[in-house]
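A.B. asks: Residue numbers for the sequence shown, in this note's numbering: 1 to 370.
Treat the hints as calculated values from the structure; they're not laboratory data.
Every value quoted in this text rests on a predicted model; they were computed, and no experiment measured them.
Don't take each hint at face value.
Calculated cross-link-like contacts (lysine-lysine; reagent style DSS-like; alpha-carbon spacing at most 27 Å) [as the list claims (entries may be wrong)]:
no., residue 1, residue 2
1, 334, 265
2, 265, 113
3, 265, 348
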Amino acid sequence: MPANCTKRPKPVRPATPLRPIRPGMHPTEQSSGALSIPSPCSRSSAVSECRINVGIRIRSKDKHDRARGGCLVKGGLPACVCPGRFAIISDIASERNEEEWIVKLFIVTGASKGLGEEMLRQLMRPGHRLIGLARGEGTELQAEARARGVRLEWISCDLSDARRLETVMAEALTDGSGGEGSDVGIGPGNGSAFADGITGAYLINNAGTIEPMAPVDRCSVPDMARSVALNLIAPMALTAEFIRHTAGWDVDRRVLNVSSGAGKKPYYGWSAYCASKAALDMFTRCAGEEQQVEEGGVRVLSVAPGVVDTGMQSRIRETSADLFRQRDRFVRLKQSGALLSPGEAADKLLRVLFDDRHPSGSVLDIRDLF
1 MPANCTKRPK
11 PVRPATPLRP
21 IRPGMHPTEQ
31 SSGALSIPSP
41 CSRSSAVSEC
51 RINVGIRIRS
61 KDKHDRARGG
71 CLVKGGLPAC
81 VCPGRFAIIS
91 DIASERNEEE
101 WIVKLFIVTG
111 ASKGLGEEML
121 RQLMRPGHRL
131 IGLARGEGTE
141 LQAEARARGV
151 RLEWISCDLS
161 DARRLETVMA
171 EALTDGSGGE
181 GSDVGIGPGN
191 GSAFADGITG
201 AYLINNAGTI
211 EPMAPVDRCS
221 VPDMARSVAL
231 NLIAPMALTA
241 EFIRHTAGWD
251 VDRRVLNVSS
261 GAGKKPYYGW
271 SAYCASKAAL
281 DMFTRCAGEE
291 QQVEEGGVRV
301 LSVAPGVVDT
311 GMQSRIRETS
321 ADLFRQRDRF
331 VRLKQSGALL
341 SPGEAADKLL
351 RVLFDDRHPS
361 GSVLDIRDLF
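Between the sequences and the hints, there should be enough to build the whole structure, so can you do that?
C.D. replies: What follows is the structure, encoded as structure tokens:
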């Protein structure tokens, strides 16, 4: 390590109150500490301190040496956030394992399309490590993440398969076998040794299905079972495993369950969907109640995003009226431009995730908040 830098202190833990949202501010910058970028460094100070978007502080003894050692970004990339100061600092970064620069870890299910894809894309920011879960491969998203200099791991899986639910979170948070060096995962055991490089861990349960769409007597048992498995059992199991695997982490931990207004209102032909979303809301209340009494408990939220213009909406409009009697209403919503874009919905969901005003166990609707 160069002489002009002292030993890096531990990353700043989120502890201070939530900062107000500023114009252009990304929702993940709300939670305290880790991603703030303050005013530029002062040239007049003999000893300066630069705090950058991965929450790591490096002190420089010389006011002109700050360009060499004053600022670091994730993975030691050759860039400084201070205006007019750019320098290659790989000599400093090479002494650190890339994993040490990780700050916020996000796990997103249903990440290959629609709302999940948009949330993952908006989370492609310095200081974030992303893990996408979906049946698809996510090749384009992985390429986009690489181009942005963000690490995105991908786990292809069918979350309606109960057997897969028993192992997938272990793969995401460890290497699945207790050893080190995996391409997927953050460390051995329950990952607690590697949690020192993380200030936040977040699970977004977005995967879901509207199928089957038909009166209940015309739905097959396998189709109903798959609906409940994906819409309810999967987020329940993943939330439980997330809480269990991160129990030793002294970091900000949150779960966002993507729900639906259909969990509160009955729809003709949506019996499986409405029932599973209503149950997901109640699960969130119960899990949140449990976590409120735990020291450093996980904040668990359930949020309905409103009517979003995704492939699910296309499938609804394609369904015959005898199977789904409110079909014409959703056709009119599309024609009138009343649908929320996936980008808008993703932005609002992420803002809710980092809004400390909502206690664990809250069941919310985007339309009531924005």
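A.B. asks: Decide, hint by hint, whether the structure agrees.
C.D. replies: Results for each hint:
1. 334 <-> 265: Roughly 20 Å separates the two Cα atoms, so the pair holds.
2. 265 <-> 113: holds (26 Å)
3. 265 <-> 348: holds (22 Å)
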